[in-house]
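Position chain B against the provided structure of chain A, taking the given hints into account.
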Amino acid sequence: MACLLMAGNLMANSEKTYRIGLTAVILTDQTSFLKEWQDYLSSSLRRPVRFIQRQTYEEVTDLLLGGDLDAAWICGYPYVRNREQLELLAVPLFNGEPLYRSYLIVPATDTGSREIADLKGKVFAYSDPNSNSGFLYPQVSMIREGIEPNHFFSKTFFTWTHRDVVKAVADGVAQGGAVDGYVWETLSRHEPALTAGTRLVSKSPLFGFPPLVVRRDISREDFYALRNALLKMESVTEGRRLLQRLNLDGFTEGEDSLYDGVAESVRILEGAQ
Amino acid sequence: MKMGDISYRIKVPLMFTLVILITASVVTLALTWRAYEELREEVFNNAVEIGSVLSNSLPNAMLHDDLWGAYRLVQAAEGWPGETSSRLLVVLDKDGRIYVSNRPKELAVTTRLRAHGAELARVEAEVLRLTGDLGPRPYEYPNDQRLYVILPMLSDGVAMGTLVIGYDRALFWPRFIAIVERVVVSALLVTVLLLPFGWYLGNRMVKPLGHLANCMSKVGRGSNEEITCDLRQGKDEIGRLGTSFQQMLGELDEKERLESGMLASERLAAVGRLAAGVAHEINNPLGGMLNALNTFRRYSETDTLGRETFDLIERGLQQIRETVSALLVEANPRSHSLSPKDVNDVRMLLLADVSRKQIRLDWRNCLEGDVALPSTPIRQVLINLSLNAVQASPEGGAVHCLVENRENRLCLRVVNEGPDISREQKLSLFEPFSESATGNGLGLWVTYQLVHQLEGIIEVRSRGGRTQFVVELPIKEA
Numbered sequence: 001m002a003c004l005l006m007a008g009n010l011m012a013n014s015e016k017t018y019r020i021g022l023t024a025v026i027l028t029d030q031t032s033f034l035k036e037w038q039d040y041l042s043s044s045l046r047r048p049v050r051f052i053q054r055q056t057y058e059e060v061t062d063l064l065l066g067g068d069l070d071a072a073w074i075c076g077y078p079y080v081r082n083r084e085q086l087e088l089l090a091v092p093l094f095n096g097e098p099l100y101r102s103y104l105i106v107p108a109t110d111t112g113s114r115e116i117a118d119l120k121g122k123v124f125a126y127s128d129p130n131s132n133s134g135f136l137y138p139q140v141s142m143i144r145e146g147i148e149p150n151h152f153f154s155k156t157f158f159t160w161t162h163r164d165v166v167k168a169v170a171d172g173v174a175q176g177g178a179v180d181g182y183v184w185e186t187l188s189r190h191e192p193a194l195t196a197g198t199r200l201v202s203k204s205p206l207f208g209f210p211p212l213v214v215r216r217d218i219s220r221e222d223f224y225a226l227r228n229a230l231l232k233m234e235s236v237t238e239g240r241r242l243l244q245r246l247n248l249d250g251f252t253e254g255e256d257s258l259y260d261g262v263a264e265s266v267r268i269l270e271g272a273q
Numbered sequence: 001m002k003m004g005d006i007s008y009r010i011k012v013p014l015m016f017t018l019v020i021l022i023t024a025s026v027v028t029l030a031l032t033w034r035a036y037e038e039l040r041e042e043v044f045n046n047a048v049e050i051g052s053v054l055s056n057s058l059p060n061a062m063l064h065d066d067l068w069g070a071y072r073l074v075q076a077a078e079g080w081p082g083e084t085s086s087r088l089l090v091v092l093d094k095d096g097r098i099y100v101s102n103r104p105k106e107l108a109v110t111t112r113l114r115a116h117g118a119e120l121a122r123v124e125a126e127v128l129r130l131t132g133d134l135g136p137r138p139y140e141y142p143n144d145q146r147l148y149v150i151l152p153m154l155s156d157g158v159a160m161g162t163l164v165i166g167y168d169r170a171l172f173w174p175r176f177i178a179i180v181e182r183v184v185v186s187a188l189l190v191t192v193l194l195l196p197f198g199w200y201l202g203n204r205m206v207k208p209l210g211h212l213a214n215c216m217s218k219v220g221r222g223s224n225e226e227i228t229c230d231l232r233q234g235k236d237e238i239g240r241l242g243t244s245f246q247q248m249l250g251e252l253d254e255k256e257r258l259e260s261g262m263l264a265s266e267r268l269a270a271v272g273r274l275a276a277g278v279a280h281e282i283n284n285p286l287g288g289m290l291n292a293l294n295t296f297r298r299y300s301e302t303d304t305l306g307r308e309t310f311d312l313i314e315r316g317l318q319q320i321r322e323t324v325s326a327l328l329v330e331a332n333p334r335s336h337s338l339s340p341k342d343v344n345d346v347r348m349l350l351l352a353d354v355s356r357k358q359i360r361l362d363w364r365n366c367l368e369g370d371v372a373l374p375s376t377p378i379r380q381v382l383i384n385l386s387l388n389a390v391q392a393s394p395e396g397g398a399v400h401c402l403v404e405n406r407e408n409r410l411c412l413r414v415v416n417e418g419p420d421i422s423r424e425q426k427l428s429l430f431e432p433f434s435e436s437a438t439g440n441g442l443g444l445w446v447t448y449q450l451v452h453q454l455e456g457i458i459e460v461r462s463r464g465g466r467t468q469f470v471v472e473l474p475i476k477e478a
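Protein chains in written order, with the working numbering: chain A, 1 to 273; chain B, 1 to 478.
Chain A on its own, in the form it takes in the complex (with noise of 0.2 Å):
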């Protein structure tokens, strides 16, 4: 029932708001950055906008799917895995790229391990289970070395954002755990005192960054206007602040292919089911 009255809202303010879902992909704990974002995007667009947040992919996903959502920030994988109907609207430039890495971290009192094999019978945090970052990548890169995922731990759960993930390893509840890149960079810009907790022990090759995707029956017109929002941030005074607390550098229209590298993660992971 409430599942209902809530899509009925959503719908009823369809026509004049977009409605942009936001996943763990950013800092999504920024309140208060969120609204100046999204009030920012709302004049761009000469249209409300509002940002809509929920506490795993797979819901915003499924949001975005069920038409929920004009929009979402989701991670690579769960693109890879509904290409059919999902279209890439802006991929975020980090560090003037669109990509990123997944890094392995560690509690900073273990200075010994080198890699994920070094973390054998440990406890081990992922972030969330649509994530690349912190659960496909980790999870492939071990069955490439041809570990059992799921038997090499003594335990494993997830933290649903990754800052917790950098929380879980730091204040030591996980031995080891697996992290977006970007975030982990951004958060030793804001929290450097919870990075500090934790040691990094390797990065994974790079992927394609976190997109923002659309449905594809998405009208042109909507699409049009929401990625030109998206990459004249870069060339506005206020768009760049935002990004800069973003830590990003804009955005650009981006490939399908820059997600190959995750598609071909997909393919190991299921291949190894």
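No wet-lab data here; the hints were simulated from the structure.
A quick note: this is a predicted structure, and the numbers were derived from the prediction, not measured.
Hints should not be assumed to be uniformly reliable.
[Unchecked claim] Simulated DEER-style distance windows between Cβ atoms: (1) B/T111 x A/I218: 49 to 55 Å; (2) A/S42 x B/A76: 55 to 61 Å; (3) B/A76 x A/E264: 51 to 57 Å; (4) B/N46 x A/S42: 45 to 51 Å; (5) A/I218 x B/L63: 51 to 57 Å; (6) B/T111 x A/G146: 24 to 30 Å; (7) B/S155 x A/L45: 44 to 50 Å; (8) B/A76 x A/K203: 53 to 59 Å.
[As the list claims (entries may be wrong)] Calculated from the model, a selection of chain A residues having no Cβ within reach of chain B, i.e. all distances over 12 Å: (9) E36; (10) R101; (11) T109; (12) E145; (13) F153; (14) L194; (15) G197; (16) R240.
[Unchecked claim] Here are a few chain B residues that face chain A, going by a calculated C-beta distance under 10 Å: (17) D5; (18) Y71; (19) Q75; (20) P104; (21) T110; (22) L312.
Using N, Cα and C, we set each Cβ at its ideal position, and we do this for glycine too.
Same frame as chain A, now just chain B:
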């Protein structure tokens, strides 16, 4: 220094302090115990509260194996940062392994409590022992760092695991210190207030005792009459002591007086017998010698030298006779009864000496008629005593004489302001030829003998520049 050597002036305040200290200690102990009980109760209530707050979400998180969710819950239940050091939360799974704790660095996930020291091993054993028990249980062990409360985590009545909450016993210290501080300050305050009071009380208690001790030390070293001990007299212990001491002094005085009086009268009686015996032995040949000398002088012719010689011998013998008869005092009962005039005659006799020394004579003759006592010995006694008084009195001093008839007793009292008669002098005061006597040394001897023969008593008191002779004679009605 022994306890017995310390003055009560110090001991009483010390006792006060000791009592305060003991009281303070007992109060501290009682308060501490109460505070500890309160803390235990508070801890248990707090744990039960936390347990009830987490009773939905935590079993749910465990049911879905949401470790991170469980961690966030125990972290949230840990309290604010200032309190973190005091509260430990450990979630154990069904097998007793650590599912999560709020100190993951020390109590790592999936390890067992027993791997983290004896204290936590005991807690684990307790948890395993209580498996199946669905209520919250406190657990404490002497000298453990923490107090524990064990709360089973239930999902629909089924135990999903156990929440163990440990409270640092150090929590107790600030309370304990606060109690001790409060009690110490109060005790100090009371001590400061009561110490002068204790000092005052000690002094008050000790003063009469000290005074008494001083007085006691004087007893036996001199005349008891000289001891003035104005102890407070009352019904409390010290008052009774004072009364008893005064009584004792009086009794001692009386005893001494009696003893010395007895001694003196015995001596005087002995001396009297000796004197009488010697006098009789002398008087008989003396009378013969004088008669012979008289006869010889009457019936023989002698030259001048012989006469002079005989005169000389006679004078010597006469002097011996006088002296001996003076020793042989005898009250002549044949004289007439004493009348007021006799007393006034004595006064007349004194006047010459009195005016010469410019002495104030206070003569009180209270006799109103004749008294049935022989006048001659009494006149003699009065003359002797009053002349002595005038002699002893300093120039310009006063001499009091009182003669009165009181309840069948004739009372003579002669007082002078001359120097005191010492104890030693008193002992031989009435003896003939005593060293201290002035004149021929027979005045007081005669007086004593006369009083004695009239069956009276004579007493002397000499103290503080006032010497008093009292003679009391019984009046025998014919």
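Against the structure, the hints come out as follows:
At about 51 Å, the beta-carbon gap between B/T111 and A/I218 stays in the expected band of 49 to 55 Å. Evaluation of the 55 to 61 Å hint for A/S42 and B/A76 yields a failure: the beta carbon distance comes to about 34 Å. Between B/A76 and A/E264 the CB atoms are about 41 Å apart, so this pair departs from the stated range of 51 to 57 Å. A hinted range of 45 to 51 Å holds for the C-beta pair B/N46 and A/S42, which are about 47 Å apart.
The beta-carbon spacing between A/I218 and B/L63, approximately 39 Å, falls outside the hinted interval of 51 to 57 Å. As the Cβ distance of B/T111 to A/G146 is approximately 28 Å, the hint placing it in 24 to 30 Å holds. For the hinted restraint 44 to 50 Å between B/S155 and A/L45, the CB-CB distance of approximately 47 Å keeps it satisfied. Taking the beta carbon of each, B/A76 and A/K203 are about 33 Å apart, not inside 53 to 59 Å as hinted.
No beta-carbon of chain B comes within 12 Å of the beta-carbon of A/E36; the shortest separation is about 27 Å. Against the 12 Å criterion, A/R101 stays outside the reach of chain B, whose nearest CB is about 23 Å from its own CB. A beta-carbon of chain B is positioned within 12 Å of the beta-carbon of A/T109; the least distance is around 8 Å. At the 12 Å boundary, the C-beta of A/E145 stays outside the reach of chain B, the nearest C-beta of that chain being 23 Å off.
Non-interface status of A/F153 relative to chain B is broken: a Cβ of that chain comes within 12 Å, the nearest being about 10 Å off. With a least CB separation of 14 Å from chain B, A/L194 remains clear of the 12 Å interface cut-off, as annotated. For A/G197, the condition that its CB be more than 12 Å from all CB atoms of chain B is violated, with the nearest at approximately 10 Å. With a closest Cβ-Cβ approach of about 35 Å to chain B, A/R240 is found to remain outside the 12 Å limit, as its non-interface label requires.
Hint on B/D5 is violated. Least Cβ distance to chain A is approximately 68 Å, over the 10 Å limit. At its closest, the beta carbon of B/Y71 sits 5 Å from a beta carbon of chain A; the interface hint therefore holds under the 10 Å criterion. Because the smallest distance between the Cβ of B/Q75 and any Cβ of chain A comes to about 8 Å, under 10 Å, the interface hint for this residue holds. Interface hint at B/P104: satisfied, since its Cβ lies 4 Å from the closest Cβ of chain A, which is below the 10 Å cut-off.
Evaluation of the B/T110 hint against chain A yields a held restraint, the C-beta minimum of about 5 Å falling below 10 Å. Restraint check, B/L312 versus chain A: the minimum CB separation of about 144 Å is more than 10 Å; hint violated.
Checked against the numbered hints given earlier, this structure breaks hints 2, 3, 5, 8, 11, 13, 15, 17 and 22; the rest are met.
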